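Student: Take a look at the letters that make up each chain.
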Amino acid sequence: MEQPTPPVTVHEGLAHAPVRVMSARVKLGTRLVNLWNRRELLRNLVISDIRIKYKGSALGLLWSMLAPAFTLGIYYLVFSVFLKNGYPNYVIFLFSGLIVWNLFQNAVNSATGVIVDRAGLVKKVSFPREILPLASVGSAVIYFLIQLGVLALFLLVFHHAPDWRMLAILPITFVTLYLFASSVAIVMSAITVYLRDMKHLMEVLLQLWFWMSPVVYSYSNSLAPQIHRHGLTLLYFANPMTLLVLTFQRTFYVSTDVHSLLAGHSLIHMLPKWSAGSFFYLNVAMLGVMCVLFLVSLVIFGRLEGNFESEL
Amino acid sequence: MTVVVDVADVSKDFKIHYERHQSLKERLLHPKTGSTEDFSALKDISFQMHEGETVGILGHNGSGKSTLLKCICGVLQPTSGEIRLRGSLAALLELGAGFQLELSGRDNVYIYGAMLGFTRKRIDQIFDDIVDFSEIQHFIDTPVKFYSSGMYVRLAFAVAVNVNPDILVIDEVLAVGDERFQAKCIDRIRRFQEEGRAILLVTHSADQVRSLASRAIVLESGLMIANGPVSESLRIFREHLLGDTPSNEVNEHHNADVHIDSITTPSGTFDVQSGASMHFDVHITSATAYSGNFVLEIFTRAGVLVSRSDAQGAPINLRPGANVIGIDLPNIPLLDGVFDVNVGVLDPRGSNVKAWGEKVATLQVTYGGRQSGLVELDATIRQG
Numbered sequence: 003m004e005q006p007t008p009p010v011t012v013h014e015g016l017a018h019a020p021v022r023v024m025s026a027r028v029k030l031g032t033r034l035v036n037l038w039n040r041r042e043l044l045r046n047l048v049i050s051d052i053r054i055k056y057k058g059s060a061l062g063l064l065w066s067m068l069a070p071a072f073t074l075g076i077y078y079l080v081f082s083v084f085l086k087n088g089y090p091n092y093v094i095f096l097f098s099g100l101i102v103w104n105l106f107q108n109a110v111n112s113a114t115g116v117i118v119d120r121a122g123l124v125k126k127v128s129f130p131r132e133i134l135p136l137a138s139v140g141s142a143v144i145y146f147l148i149q150l151g152v153l154a155l156f157l158l159v160f161h162h163a164p165d166w167r168m169l170a171i172l173p174i175t176f177v178t179l180y181l182f183a184s185s186v187a188i189v190m191s192a193i194t195v196y197l198r199d200m201k202h203l204m205e206v207l208l209q210l211w212f213w214m215s216p217v218v219y220s221y222s223n224s225l226a227p228q229i230h231r232h233g234l235t236l237l238y239f240a241n242p243m244t245l246l247v248l249t250f251q252r253t254f255y256v257s258t259d260v261h262s263l264l265a266g267h268s269l270i271h272m273l274p275k276w277s278a279g280s281f282f283y284l285n286v287a288m289l290g291v292m293c294v295l296f297l298v299s300l301v302i303f304g305r306l307e308g309n310f311e312s313e314l
Numbered sequence: 013m014t015v016v017v018d019v020a021d022v023s024k025d026f027k028i029h030y031e032r033h034q035s036l037k038e039r040l041l042h043p044k045t046g047s048t049e050d051f052s053a054l055k056d057i058s059f060q061m062h063e064g065e066t067v068g069i070l071g072h073n074g075s076g077k078s079t080l081l082k083c084i085c086g087v088l089q090p091t092s093g094e095i096r097l098r099g100s101l102a103a104l105l106e107l108g109a110g111f112q113l114e115l116s117g118r119d120n121v122y123i124y125g126a127m128l129g130f131t132r133k134r135i136d137q138i139f140d141d142i143v144d145f146s147e148i149q150h151f152i153d154t155p156v157k158f159y160s161s162g163m164y165v166r167l168a169f170a171v172a173v174n175v176n177p178d179i180l181v182i183d184e185v186l187a188v189g190d191e192r193f194q195a196k197c198i199d200r201i202r203r204f205q206e207e208g209r210a211i212l213l214v215t216h217s218a219d220q221v222r223s224l225a226s227r228a229i230v231l232e233s234g235l236m237i238a239n240g241p242v243s244e245s246l247r248i249f250r251e252h253l254l255g256d257t258p259s260n261e262v263n264e265h266h267n268a269d270v271h272i273d274s275i276t277t278p279s280g281t282f283d284v285q286s287g288a289s290m291h292f293d294v295h296i297t298s299a300t301a302y303s304g305n306f307v308l309e310i311f312t313r314a315g316v317l318v319s320r321s322d323a324q325g326a327p328i329n330l331r332p333g334a335n336v337i338g339i340d341l342p343n344i345p346l347l348d349g350v351f352d353v354n355v356g357v358l359d360p361r362g363s364n365v366k367a368w369g370e371k372v373a374t375l376q377v378t379y380g381g382r383q384s385g386l387v388e389l390d391a392t393i394r395q396g
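Going down the list, the protein sequences come from chains A and B.
Numbering of the first sequence is given in our numbering, commencing with residue 3 and proceeding in unit increments.
Numbering of the second sequence is given in our numbering, commencing with residue 13 and proceeding in unit increments.
Source of the hints: derived by calculation from the structure; they are not laboratory data.
Please read all numbers here as calculations on a predicted model, not as lab measurements.
Here a beta-carbon is modelled for each residue, glycine too, at the ideal position from N, C-alpha and C.
Check before you lean on any hint, since a few could be wrong.
Distance condition first, Cα-Cα at most 16 Å in a straight line; then the derived EDC-like pairs of lysine to aspartate or glutamate [unchecked claim]: (1) Lys57/A to Glu114/B; (2) Lys29/A to Glu94/B; (3) Lys55/A to Glu388/B; (4) Lys27/B to Glu313/A; (5) Lys57/A to Asp153/B; (6) Lys126/A to Asp183/B; (7) Lys133/B to Glu42/A; (8) Lys37/B to Asp259/A.
Some residues of chain B that are not near chain A, with every Cβ distance over 10 Å (derived) [stated by the list, open to error]: (9) Ala103; (10) Gly129; (11) Ala314; (12) Leu341; (13) Ala373.
Okay, chain A solo, but in the shape it has when bound (with noise of 0.2 Å):
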């Protein structure tokens, strides 16, 4: 039972050690350092989040594709089978654009509540706050990977070739929906810590922004025609999940026009006949707009998290 106690180590001086400064308000380049610093307790909450989410469940991760395989077959049912929207190879124009929209989705609804939720952590340990709703999104981007691989096998299956072009693009655009989703995760943390209702009203604002963003329909469908008519295109990428679900399916479905599948096989306008260099340019543009809005919400999350204490 009793262990020899290990030999006393004199303690190494520490004279050069860094400094750690607490004041009323951490700057915004030392919030990012101490995210960086901290990155192994974001890796070890994304682990522990989704270990305990499957915990003692037979199924396991493979939960985490039912739901979205559920979706995925209850849409293709209704627009294809019921409503014969007739678009070619729907399964594969509706799966590419959900991956984006679900990483989204499951990354806000779940980072809302975070800091109310772990308020015993909040309270009493210290670590940059921003880790938990950056936790969410993580394990969101854990379970889009996993649903890119199911896409990936998709187009094995249907013998369905990606863009390759598009496909050097992606990386740029999965950069941009990480720093989008983080900035609406990190934003919303803090608010609800102070308006309980925001997870109420994030549900329902996610449905309308769901239906605003063109996953289930094809770009002719979408606002954007009439938009453009009044030269107001640029407001139709206010909403920035319209031009990262664009870009998905522009490189997994590939083609702009197809013949529908119904009788007289019209001409169906799927997707905008921009080149790869304009998904490219546009996709750079956002990716500053993303990294500009990334820095307000950490600002932004500063100047909320200083009541948090008292507010929980």
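Got chain A sorted already, so can you dock chain B onto it with the hints?
Tutor: Chain B only, in chain A's frame:
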């Protein structure tokens, strides 16, 4: 010596809500959140801690000591002022606050370690030490939700002390586990001290501060009222114990100005042979007549309380002016050593201190026998 903790003009205000408006409807109906009030929990606190120092923070509930600690640990941001820390810090605030109930002890060790800011590699190196220290080898792969509260706290404590932080912050957590585990914790804290690490200890137990700290800070409603040697700070702490207790006793009691002047022996020396008898005279000046209790405490140099006796049955009656209280010790059972003597005058119920003499005398006991330890037991050992 390097300064490891530098607290500079730190203040912390809280908003107190009388009515909380946390839903959107309430916020819209009551746009002016109205009924809030600022409460300042810390007011311009400044102090420094050096490498290898153990500092105790004393204060009553609500004196701001936990707020100060949370600011130092980074859980709270100060409203103004800043705190500079050098080196790594591990805090034993609420043990096991970061534990995930569904996950095993092993997983939680890594998560908790990461919360404290240590890498997976570092935890790998000390994992066995942590498990040994916590004494839950058989349950390390069991989900934490099945742990007893003692196991839970032991595991958290084991992580925090085994990551070997440069600064260890302890908040009233030494009351964990059974006595044997407590002794182990104290032992580990002493080793930390030998290794020259800094320890910040928050407690309202004067005994703990006396036995562990080299310096003590006293907080009183957000203000730092003492920062100095333990004995001096303890004196101030005790004086404030009587200062702010609302007293509905007769006024003359409250106004009674009692002061302990000195303590003397007939022989003029405090050197005594073990087993001999001894007499102390305590000289007390009182402004008014006062009737109360009297306490005598004897401590070892390491701060262990050997004995505390009082005159509970027969109150002492002080007359206005100079008084002498006699203490008879018929047969001193102490073995070889140096002992500190504290005396004090308390109110009749023994809850309020009227006057206190901290370390008013030093007892030198010499012993010629063969026993070792603190006291003479007079044990006879024979064949049964």
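Student: Against the 16 Å threshold, does the CA-CA distance of Lys29/A and Glu94/B hold or violate the hint?
Tutor: Holds. Lys29/A to Glu94/B sits at ~13 Å (cutoff 16 Å).
Student: Please verify whether Lys27/B and Glu313/A have alpha carbons no more than 16 Å apart.
Tutor: With Cα atoms ~9 Å apart, Lys27/B and Glu313/A stay inside 16 Å; holds.
Student: Is the nearest Cβ of chain A still more than 10 Å from the Cβ of Ala103/B?
Tutor: Non-interface label on Ala103/B violated, nearest chain A Cβ at 7 Å vs cutoff 10 Å.
Student: Compute the least Cβ-Cβ separation between Leu341/B and chain A, then decide whether it is above 10 Å.
Tutor: Answer for Leu341/B: holds, closest chain A Cβ roughly 38 Å.
Student: Please check whether the beta-carbon of Ala373/B is more than 10 Å away from every beta-carbon in chain A.
Tutor: For Ala373/B, whose nearest Cβ neighbour in chain A is about 35 Å away, the distance exceeds 10 Å, so it holds.
Student: Can you confirm whether the C-alpha distance between Lys133/B and Glu42/A stays at or below 16 Å?
Tutor: 11 Å, holds
Student: Measure nothing beyond the straight line between the CA atoms of Lys57/A and Asp153/B; if it is 16 Å or shorter, mark the hint as holding.
Tutor: 14 Å, holds
Student: With the threshold set at 16 Å, check whether the alpha-carbon distance from Lys57/A to Glu114/B stays at or below it.
Tutor: 8 Å, holds
Student: Given the proposed pairing of Lys126/A with Asp183/B, does the C-alpha separation stay at or below 16 Å?
Tutor: 11 Å, holds
Student: Looking at Gly129/B again, its CB stays over 10 Å from all of chain A?
Tutor: With a cut-off of 10 Å, Gly129/B comes too close to chain A, as the shortest Cβ separation is near 7 Å.
Student: Holds or violated: Lys37/B and Asp259/A, Cα atoms, limit 16 Å.
Tutor: 48 Å, violated
Student: Would you check whether the claim that Ala314/B is not at the interface survives, using Cβ distances to chain A and the 10 Å cut-off?
Tutor: Per Cβ check, Ala314/B is outside 10 Å of chain A; nearest 18 Å; holds.
Consistency with the previously given hints fails for numbers 3, 8, 9 and 10, ordered from lowest to highest.
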